[in-house]
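**Student:** Residue numbers (this note's numbering), protein chains in the order written: chain A, 1 to 238; chain B, 1 to 101.
Hints in this document: simulated from the structure, not taken from any laboratory. Remember, predicted model here, so these are calculated numbers, not experimental data. We put the CB at the ideal spot given by N, CA and C, even for glycine. There's no promise every hint is true.
Stated by the list, open to error - Looking from chain B toward chain A, a few residues come up when the C-beta cut is under 10 Å (computed): (1) I6; (2) L19; (3) Y20; (4) I24; (5) A63; (6) T67; (7) I69; (8) A97.
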Amino acid sequence: MSRRKLIRVGAAVAISVGSTILAAAAWEVAEMAPPTAGELARLRLGESGVEHPVTAVLLNFRAYDTFLEILVLTVAFWGVWSLEGSQKSPFFRPPGLLLERVTAVLVPMLVLLAAYLLWAGSHRPGGEFQAGAVLGAAGILTLLVGHAVPGAHWHIRRRLVVVAGVGTFIVVAVAGAILAGHVFAYRPGWEMASILVLEVTTALSVGFILTALFAGDAEGLHGESPPQSAKEDECPPT
Amino acid sequence: MSTDLIYATTAVVLIGLGLYTVLIRRHLVRKLMAVNILGSGVFVLFIALASSGEGDADPVPQAMVLTGIVVAVSATALGLVLIRRIDEADLKNAELAGEER
Chain A
1 MSRRKLIRVG
11 AAVAISVGST
21 ILAAAAWEVA
31 EMAPPTAGEL
41 ARLRLGESGV
51 EHPVTAVLLN
61 FRAYDTFLEI
71 LVLTVAFWGV
81 WSLEGSQKSP
91 FFRPPGLLLE
101 RVTAVLVPML
111 VLLAAYLLWA
121 GSHRPGGEFQ
131 AGAVLGAAGI
141 LTLLVGHAVP
151 GAHWHIRRRL
161 VVVAGVGTFI
171 VVAVAGAILA
181 GHVFAYRPGW
191 EMASILVLEV
201 TTALSVGFIL
211 TALFAGDAEG
221 LHGESPPQSA
231 KEDECPPT
Chain B
1 MSTDLIYATT
11 AVVLIGLGLY
21 TVLIRRHLVR
31 KLMAVNILGS
41 GVFVLFIALA
51 SSGEGDADPV
61 PQAMVLTGIV
71 VAVSATALGL
81 VLIRRIDEAD
91 LKNAELAGEE
101 R
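Produce the entire structure from the sequences given, and follow the hints as far as they go.
**Tutor:** Okay, here's the thing in structure tokens:
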């Protein structure tokens with residue numbers, strides 16, 4: 001047996017044994033430990049302002065996590081867009097009539113679905129990330145068919161949408177610190193309103209950022225410009 | 001119990017496959033896909049653990065997995081762009097090396 005093969009077999013065996021032990025251990029621990037955080041979240045659901053425990057955890061009890069998550073998404077967006085300048089998708093083919101029509105019907109439906117999911121998040125599975133994902137899918141579909149994402153040419157609006165999620169989280173956190181005593185606390189009676197504002201802006205941000213990640217850069221958001229004249233970029237002198 | 005076992009086995013298989021490919025394979029896109037598969041395995045394990053007790057599923061792991069999925073998507077997008085950049089640089093280096101020869 002060659003050395004390389006030996007390494008592979010060794011890695012395979014070690015990994016299968018290791019991951020089995022890992023999962024078994026996780027299971028043991030989970031069955032032993034009393035469920036604490038989740039139990040607490042369920043018990044105090046009434047104070048959260050929403051009726052669905054997952055949404056309550058995401059946007060009330062653990063809003064800090066969600067804030068950092070949307071921050072990660074925004075940073076990834078900045079990373080991707082600052083690396084722009086690669087070659088564009090070379091194999092674009094104009095869509096047929098059928099695809100164009102179906103997309104024209106589907107995209108408004110997706111926007112409607114996103115709005116529903118956003119609303120559903122307060123009392124059943126749903127919420128801002130699901131809504132954002134659906135919005136992102138609508139955006140990517142638009143790009144794939146070759147159309148521009150609406151409003152993409154508007155730099156200010158684009159930037160506002162990108163930072164809307166993070167910005168709202170910061171505003172809500174600071175407002176909580178001032179009005180209710182500590183960061184990400186909601187003023188009694190204001191929980192539902194705060195969560196709703198956070199949900200709407202986060203969904204918009206997530207939807208746009210997902211589309212923008214797919215587009216790769218600002219030009220990618222404009223759809224397919226018919227014939228690409230400057231396709232052969234001149235190599236910079238090295 | 002048997003449902004738990006199915007989830008646990010699926011999770012272990014996914015984690016194992018992902019870990020193996022990350023360690024052994026050289027191709028970067030394969031590595032990135034493997035990281036995603038590994039992550040999916042962890043998500044499966046987490047969600048299965050959340051619902052293995054009595055009553056409703058524990059909402060905290062569910063929220064954390066939802067968070068994790070979004071982070072994984074953005075990390076994958078960034079990774080793909082970086083890989084494309086690396087490939088372009090490799091190509092350019094190879095061309096330069098060819099000219100020098």
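**Student:** None of the hints should be skipped; say for each whether it holds.
**Tutor:** Hint-by-hint comparison with the structure:
1. I6: violated (12 Å)
2. L19: B/L19 check passes; min Cβ-Cβ to chain A is 5 Å, inside 10 Å.
3. Y20: holds (5 Å)
4. I24: With a closest approach of 6 Å, the B/I24 hint holds.
5. A63: This interface hint holds because 4 Å falls under the 10 Å limit.
6. T67: holds (5 Å)
7. I69: holds (8 Å)
8. A97: violated (13 Å)
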